[in-house]
Amino acid sequence: MKLAGIVCIREHYGAIFNMEKKLLCASGHRGHYFNDRKLPVSGAANPWHQPPSSGVKGNAGALKDKTMRAVVTGGGGYLGYKLGCALASSGASVVLYDIHKPIWEIPNGVVCIQADVRDYDAIFAACEGADCVFHVASYGMSGREQLHKEEIETVNIDGTRFIIDACKQRNITRLIYTSTVNVVFGGLPIEDGDEETVPYFPIEKHVDHYSRTKSIAEQMVLAANGTPLAGGGVLHTCVLRPPGIYGPEEQRHLPSCSLICCCPTCCVIMVCKFPPILLLLECCIVLSY
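Numbering (the working numbering), first residue to last: 25 to 313.
Keep in mind the hints are simulated off the structure, nothing from the lab. This one's a predicted model, so the numbers in the text were calculated from it and none came from an experiment. We put the CB at the ideal spot given by N, CA and C, even for glycine. Hints are not guaranteed to be accurate.
Just the calculated beta-carbon pair ranges, DEER-fashion [claimed, not checked]:
no., residue 1, residue 2, range
1, GLY250, LEU171, 35 to 41 angstroms
2, MET92, GLU215, 34 to 40 angstroms
3, PHE209, SER113, 38 to 44 angstroms
4, HIS124, GLY153, 36 to 42 angstroms
5, GLY250, VAL222, 34 to 40 angstroms
6, PRO213, SER113, 33 to 39 angstroms
7, PRO223, LEU253, 26 to 32 angstroms
8, ASN195, ILE127, 32 to 38 angstroms
9, GLU215, ASP145, 44 to 50 angstroms
10, ILE214, TRP128, 31 to 37 angstroms
11, LEU253, GLU129, 33 to 39 angstroms
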């Protein structure tokens with residue numbers, strides 16, 4: 025969908041999303057895409073591990089002089105953490121950025137910052153010196169989170185806007201966004217579809233706010249592809265659309281997958297040589313270089 029289409033979505037459903045109509049201008053010019061508004065975040069945590077200049081303590085590994093520095097938002101979650109570890113293993117310096125601390129051990133070459141994705145100043149600081157940003161952070165996918173529509177909007181839409189802006193101001197040339205298959209899948213089979221031809225699922229037909237806001241955020245990221253950076257050059261963006269992610273140590277989807285595997289009539293759909301997490305990590309690492 026082109027930029028004008030995104031404008032129509034945002035304006036038509038302004039009452040739903042309560043976002044500024046000026047976020048995207050009808051002319052398609054990107055100069056006014058961002059404004060300087062910063063959302064107040066009540067009870068936002070301070071970074072618990074800063075970048076290496078502050079001296080890392082505890083269970084955070086020290087950053088090394090490596091070929092690439094990557095920032096992973098949502099680094100306290102399963103995918104973000106596993107991605108950070110995989111990047112570190114490939115030789116990158118990694119910053120895991122999340123409002124929650126990872127529950128797993130932090131490997132060498134990885135530093136963690138505990139802060140909100142809606143805190144632009146914290147994002148801007150964390151992105152210093154980065155070559156690539158993996159925007160994995162999101163909110164509202166399942167459980168009681170789905171009831172908090174305002175927070176879903178501010179995290180998934182405003183947070184993404186802040187990430188794009190930070191990339192532009194920090195001269196970060198690569199942004200990889202973790203979207204969801206829900207942006208094109210509405211429950212019916214997709215036959216012979218590909219990324220270029222399958223249309224977005226109609227925004228008004230999404231049954232959950234998470235999918236709706238992720239669709240808008242994805243289109244924001246794709247629309248930002250090719251925009252100029254503050255210090256010259258352009259921003260290159262792409263998106264991944266994974267379904268439910270499971271794998272070793274995963275705690276949200278794996279229990280459900282285990283139940284399905286125990287069902288004789290359903291076990292065939294779970295046959296997979298590699299858990300989805302491994303396939304997704306492989307794609308992310310390839311895209312980052």
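Each hint tested on the structure:
{"no.": "1", "hint": "GLY250 <-> LEU171: 35 to 41 angstroms", "in the structure": "holds (37 angstroms)"}
{"no.": "2", "hint": "MET92 <-> GLU215: 34 to 40 angstroms", "in the structure": "holds (39 angstroms)"}
{"no.": "3", "hint": "PHE209 <-> SER113: 38 to 44 angstroms", "in the structure": "violated (32 angstroms)"}
{"no.": "4", "hint": "HIS124 <-> GLY153: 36 to 42 angstroms", "in the structure": "violated (24 angstroms)"}
{"no.": "5", "hint": "GLY250 <-> VAL222: 34 to 40 angstroms", "in the structure": "violated (22 angstroms)"}
{"no.": "6", "hint": "PRO213 <-> SER113: 33 to 39 angstroms", "in the structure": "holds (37 angstroms)"}
{"no.": "7", "hint": "PRO223 <-> LEU253: 26 to 32 angstroms", "in the structure": "holds (30 angstroms)"}
{"no.": "8", "hint": "ASN195 <-> ILE127: 32 to 38 angstroms", "in the structure": "holds (33 angstroms)"}
{"no.": "9", "hint": "GLU215 <-> ASP145: 44 to 50 angstroms", "in the structure": "holds (47 angstroms)"}
{"no.": "10", "hint": "ILE214 <-> TRP128: 31 to 37 angstroms", "in the structure": "holds (35 angstroms)"}
{"no.": "11", "hint": "LEU253 <-> GLU129: 33 to 39 angstroms", "in the structure": "holds (35 angstroms)"}
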